[in-house]
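Engineer: Let the sequences and hints guide you as you build the complete structure.
For the protein sequence lines, the chains are U, A, S, Z and X, in the order given. Residue numbers for the first sequence follow our numbering, beginning at 354 and rising by one. Residue numbers for the second sequence follow our numbering, beginning at 361 and rising by one. Residue numbers for the third sequence follow our numbering, beginning at 12 and rising by one. Residue numbers for the fourth sequence follow our numbering, beginning at -4 and rising by one. Residue numbers for the fifth sequence follow our numbering, beginning at 11 and rising by one.
No lab work stands behind these hints, which were simulated from the structure alone. Please note that a few of the clues may not be correct.
[As the list claims (entries may be wrong)] Residues from chain A that face chain S, not an exhaustive set, calculated with beta carbons under 10 angstroms: (1) Val378; (2) Val382; (3) Ile416; (4) Lys457; (5) Leu485; (6) Phe499; (7) Gln500; (8) Met598.
Glycine included, C-beta positions come from ideal geometry on N, C-alpha and C.
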Amino acid sequence: MNDLTELFNKLFVNFNYIVAATLFVIGLYTVIAKSNLIKKFMGLNIIETSVFLFIVSSGAIVGGKAPIIGEGVSSKTAFVNPIPQALILTGIVVAMSTTAVALSLMIKLYEQCGTLNADKLKELK
Amino acid sequence: MKKGIIIFAVFLFWLLLVSAMVSLPPMGSPENPAYSHIVPRYLEEGVEEAGAHNIITGIILNYRGYDTMGEVTVILTALMGVLAVLGRENLLHHTSKVDESTIERSVIVKCVVRLLVPFIILFALYIILHGAESPGGGFQGGAILGASVIALTLTFGFSLTVKKLPLKYRTVFESAGPLGFFISGVIGLFCGLNFLTYIIPSVAPAYQDLIRHLLLLIIEIGIGVGGGTIIASVFLAMEKVGKE
Amino acid sequence: MLRSLDVLLLIFLLVTAIGVVCTKDLLGAAIIFSAYSFTMAIVWQQLGAPDLALTEAAVGAGVTTVLFLIAISRTVRREDE
Amino acid sequence: MEVYSIRPLLAPMISIVCAILIFWRGDNTFLRRSLSISASIIKWIVVFSMLPGSLAGKIYVTQLVPFTPGISILLRVDALGMFFGMVSSTLWVITTIYAIGYMEGEHARKRFFAFFALCVSTTVGIAFAGNMFTLFVFYEMLTVCTYPLVIHEETPEAMKAGRKYLVYTLTGGSFILFATALTFSLSGTVSFSQPGILSINSGVGILAVLFAMFMLGFGVKSAIMPLHGWLPSAMVAPTPVSSLLHAVAVVKAGVFGITRVTYNIFGVSLLKEMASKGINVAYILMWAAMITIICGSLMALMQDNLKKRLAYSTISQLSYIVLGVSLLTPDGAAGGIVHIVNQAFMKITMFFVAGAIYKKTHKKNISEMHGIGHKMPITMATFTVASLGMMGLPPTAGFISKWYLCLGALDAGQIIAVVVLLISSFLNAAYFLPIVYRAYFVKPPDGDVTTDEAHWTLLLPCVICSLYVIALGLFADLPFVPLALVREAVKQFFVL
Amino acid sequence: MIEFSQHCPVLMTITLIIGGALTPIVSISRKKFSFWWAFFVSLLAFFFCSCAVWRLYTMGPISYWLSGWEPPYGIEVYFDYVSTITFLMTALGILVIVYSKRYILHDISEEKLPTYYTLVLLILGGMVGFSVTGDMFNLYVFLEILSLSGYALIAITEEKLNAMASFKYLVMGSVSSVSVLLGVALLYNVTGTLNMADIALRLQQFGPTTAVYVALVLFIIGFSVKAALFPVHAWLPDAHALAPSPVSALLSGLVIKIGIVGMLRVLYCVYKLGGPVDFTSVTNFMGWLAAVTVLVGAFFAFFQDDIKMIFAYSSISNIGYILMGISLVSFTQPERGYLGMMGGLVHVFNHAIIKSTLFLCAGALIYKTGFRKLSDLRGIGKKMPITCGVLTIAALSIAGIPPTAGFICKWYIILGTIEFGKPIFAVALLLGAMLVFAYYIKIINALFFREPNESITEVDEAPLSMLVPIIILAIGCLVMGIFAYLPLAVIRPAAATMLGLPSTYLPLGG
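Structural biologist: Pasting the structure below:
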C-alpha cells in the first residue's frame, strides 16, 4: 500500500516525463502501424517533440525564470537550467530538416508511383 | 491481429520508458545533478564569459558553439537533400500550384500581406540582432524571415519570388550559416587559439569585448540569413510544378 | 511544481497527439499537428523556456506545418490512398 | 641446426612471378612455354640445392613477415618439408612438359598455365611452411588456385565438380582454421617443433576434439572415407591437372598436413600418452585408413572410366600413407612418408598414360581399350610398370613402401594392418591387371595393330616416371634418394 | 608542427563541412568545377587527418577544447585510437570522389553535380566529426548530418525505387536517431553533464539506476539500426543496392560502421568495463545477435541475382562479424576480450576497404554495360579483365581466403571466440564465411567461366578515373592481408584502450 502511494507520488512528480513517454509511444505506434507515409512522418515528428518535451522538463526548476540575466535581476533569482534549452534549439532544427527531406521524398515518390500507401508501394516493387 | 501485436509491443516499450522515468530524480528540484553540476557556472559567470545576457544564446554560440555549427550544417544538408531529390526550381520549366490556381486571391489578403511583410522582416531582424539580450536569436529570426518569403509567394505567386530572389544570391546566402562560423572561428585559429575562440588576448583589453560582439554578430547574422534563405529555398523547391 | 494549467496543457497535448493519429483526413491531421506544436510551445513557455517557445511556434507550428501542407497539396489528402 | 637462407622463399616466388608473367604476356605461345619450362627448371635447381644440407640435418629458415607476436609467416625447410618440396618441384618439371603437349589446341591456355604455376607455388609453400598458420594460409590458397583448373572445361559437369570440390575443401579448411586457432589458444604457439607443441595438461578430451578437427580438415584433401566424394568428380579436369593436382599436389597436401599434425603438433609421445589415458586417436585414424584402403579398392574395381578407376585407386593408396603415419612407429612412418613420392610417380605415370590414350584415341573407358598395347606399346609398357609398382612387387618403388609399412605394423603389433595391406595388394592386381591384359592380349576390334604413339611431349614424361619407379625400387638405399631424406625426417620425429 | 597538429582533429571536420557548404558557391558558373573543389577539399582533410594520426601515435590522444572551454563546460573533441578510423574515411573519401568524376554523370544530370559533391563532403564531414567528438550531444548532431546526407544521396538518382528505399532508411534512421537522443537525455538527467569522460566519471559516483540501463538499451537500439543488425536490417539491402555505386561504397564501407563506432563510444567510453553498470548481459545478447546477423545476411545473399544486392546483404553479414568481435568482453577480465576486440576493429577497416572495392567494381561494370544482374553480366571478365580481376581479389578477401585482408579478421575473431570460451560463435562465423564464399564463387563463375552474353558487344575497360581508385583499393586488400602487422599495429592500442588496458598492452598473439 505504501509502495503504491510512493509509486503514485513518483508518477505525479515526474508527470511531464510520463507524458513525454506516452507521446513517444503514440508516435511510435503511428510510425509502425499507419500505412500512409505522411502519417508515419507525423508520428515521427510527435516522437521527436516528445523527446524535446522530456529534455526541456528535465531542465525546469520550481519557480524558475527564463535564464536571461539583465540589469535589475538579482542574482538570487532561480533560473531554469539553460543547457537543455540550448540543446533543444538544435533539436528542433534537426527535426525540421528531417521533415523537409522526408516530405520532398514523398512528393517524388508520389510523382513516380502515384500512391503514398506503404502496402501498395510494396506491391509495386 | 497485427494491430494488437503492435499495440502490445508499444505498450511494453512504454513500460520500459516509464520505469526509467520513474527512477529519475524528481523534476524541478534544484538538487538534481542536472542542475547542480555545470549549470551554476553558466548562470553565475555566463554573462561575463560568454558575452550575452541571454544565457541560452551564450551557450549556443559560445560554450557549445560547435553544436550550433553542426546545427546550421544540418539545415544546409536538408536543403541539399531536398535539392537532390526534387531539384532546383527553374523559371522556364516550372510554376507553382499558387500560379496555376484559378482562385483569384482577395484584395484584402494582398493588402494585408503587402503591409505586414515589411514589419515581419523588421521583427525578424530585431530577433536576430537582439538575440544576446532577449529571447530569440539567429535561427528564430531566420525562420520568421523565411516565413515572410513564404507568405509573399503564396499571395503574389511563384515567379515574383524567384525573380526577386535570384538563384545566384540565394546560393551564396544559403551557405551563410557555416560560413559565419568559419569566419568567426578561424580568426581565433590564426591567433594561435582554439577554433571558435572569440576573445583574442593579443588585442588591447578595451577592444576584446567589441571584437567578441562583432564575431558573435557575424555568426547570428549568418545563421539568420542562412536559415531564412534555406527555408525559402526548400519551400520553392517543394512548391514548384513542372510545366507541360 | 505542477500547476493545474500545466496538467491541463499536457493532457491537451496527449489529446491532440491522439487526434493526429486518428484523423483520416491528412489535411485535418496537419492542422491538428499544428495545434499540437502550438500547445507544446505554450508548455515550454510555462517551463521557463521562451526561446524554445518562440522557435517551436515559428518552426514547429509554422514552417513544418507549411511543409506538410505543401506535401499534402502535391500528393494525397486521404490517408488510405 | 637452423640456417637462415632466402632459398625457401625463392622457391614459391619463382612460380608466382612466372604466373604473373603468364597473366601479363601469356597470349604468346612461345613465351608462355619457355616461361613455364624455365621457371620449373629454375625452381627445381633451387629446391635441390638445399638437398645436401637437408640430408646433413640442416634446417633452412626464412622469416617472411611478422604477423603478430607468436605468429608469423615462416618458411622452414626441415627434412619432411624438403622431401615434399622435392616431390612437387620434380613433378612440376615433368608435368609442364606433358601439359604443353596435352593442352595443344585447348582453350584458355594462358589461364591454365598461370594457375598451374600458382598451384605449384602454393604446394611448395605448404611443404616449406614452418608453422600451422603458414601451412593453413598456403593450404587455402591452394584450394582457390585449383578451382579454375578443375573447371577448366567450363562444361556444366565441370562446374558441378568444381562446386563440389570447393564445398568439400573449404569446409575442411574451416575445420583446420578453427583447430589452428584452438591450438594457438591452448599452447600459445603454432610452430612445428619436435616433438609436438601441445601438452597433456590441456585435457585429453579437448585434445581428442582438436585431433579430430584436424583430421576432418586434412582428411578432406587426403580423401579419407567418407570425405572422398570430391575426388572422383574432379576427374573432369584436363589430365595434367588430374595428374599433378589430384594425384600429387592437392591430395598429398592433405596427407602432408596429417603427418605434420601427428608428428609436429601432437607428437608421438603425446599421442601415446593420450592412448594410455584411454583415448587412442591414432588407433581410430588407423582404422579409418584401413577401411578406406579396402573400400577404395573395391570401388575402383567397379569403375569403367579409366580416370575414375585411377581416382579411386588414389583414394585407396593415400590411406597407405595415413596408415603408416598413424602406426606411430619409425618404420611405419618411413613407409608411409616414402609412399608419398612412390605413389606420386606411379600414379602420375598412369594418369599420363590415360591422358595420352585419350588425346590419341579419345577413349575414356577401359572396355573400349582392346589391344591398345599394340597401338601404343611404349605407353602401355610404362603403365604396366606402374601397375606392378601399385601392387607392390619388387623391384619397383611400391615394394619399398609396402615393406616398411609391414615392418611398422608388426612393430606396432597390428597384425590386422598387415592383412589389410596384403588384401589391398590383391585388389590392386585385380583392378590393374585386367587393363594390361586387355591392352596386350585382346585384339583391337578393327584389327589395326600399326604402332601409333602419342607425341613425344606426352610420351617422354611417362617414360621418365616409369624408369624412376623402377630406379626407386632398385637403388632404395643410396644417399640422395627420397628414402634417405625420409629416414632423416623420421629420425627427427622419433628423436632417434 | 606540434602546435599545428593539435588543431588537426577539428580542422579536418570543419574543412569537410565548410568545404561542403562552399561547393555550391564555387561552382555557380561552372558545375563541373565542383569535382575539382571536392577533390581539393578531401585532399586537404586527408592531410589534416594524417597530421592528427601522426600526433596520436607519437604523443598520445589529443583532447581539443573548442572555444577554449575546459571539458565539462564546453565541447571537447577527443582524438583517440578509435578515431584512427577517420584516416580511412578521408582516404576512402578521396577515392570515391575521384571515382565519381566520370561515373556520377551516368546517374545524375550535370545540374545536380554541386549538390552531389556537397552531400558527399558533408557525409564525410559528419562521419569524421562523429568519430572524433567527445561530447554526447555533439555525437547526435553529427549523426544527423551524416544520416540526412545519406538519405539524400540514395535518392539523388531518378530511378523509381530509390525514393522508396531512401524513405525506408529515413524512417528507421530517424527513429534510431531519436532513441539515441533520448538515451543522451536520460544520461544527462542522471549525471548532469554531456561530456563522455565526465559522464563515465559521474556514473561511477552515482551508481546505476533503471534510467541508466534503459539509456543503454536505447543506445543499443539506435546504433543497431544504423549498423543494420538482424531484426532491424530491413532498410539496408534496398538502400545500398539502389544508390549510385560510389555512394554505395561510402554507405556500405563507412556509414554502417558509424553504428559500430557509436556502440564502441557508448559501451567502452561512457559505460566502461568495470564501471557501475554491468553490461555483460547486453554484450552477450549482442554476441548472439551478431551470430544470427552473420547467418541471416549470408543466407539471404544467396538468393540474389542483382550483383549489388549480393554485396549489400554481405554487408549485413560482415557487420555481424564486427559486432561479434567487439561484443566478446568480460566485465571482470577485460584481457579475455582483447583478441576478439582486435578482430572486430580490424574488420572495421578491412571491410570498409573490401566492400568499397566491390561496390566500385560493380559500378564500373554497370557503367560500361548497363546491366546489373549476374545472368546478364556473364562472361564480362574477358572484356574487362582489370575490373573483374580486382573484383575477384576483393571477393576472395571478403570470404576470408588468405593472404587477403579478410582473413586477418576471421582469424582474430575466431581466436577471440575460443579465448572467450564461446566456440559456438566461431562455428556461426565459419558457416557464414562458407555461405559468403559460395555466392562470391557464383559471381566469379558468372564473370569468368560462363559463355559471354551476346548482347554485350563493344565493351572495353572502364575509364582511368574509375580504374585508379579500384586498383588502389585492391592493393589495399592485399597489403592489409600480407603485411597484416601494419593495420594491427595501428589497431592494437585502440583495442587495448577500449577495454581499459594500457595502450601498450600486448599479449601473445595479440
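Engineer: Does the structure break any of the earlier hints, and which numbers would those be?
Structural biologist: Hints 1, 2, 5 contradicted; others consistent.
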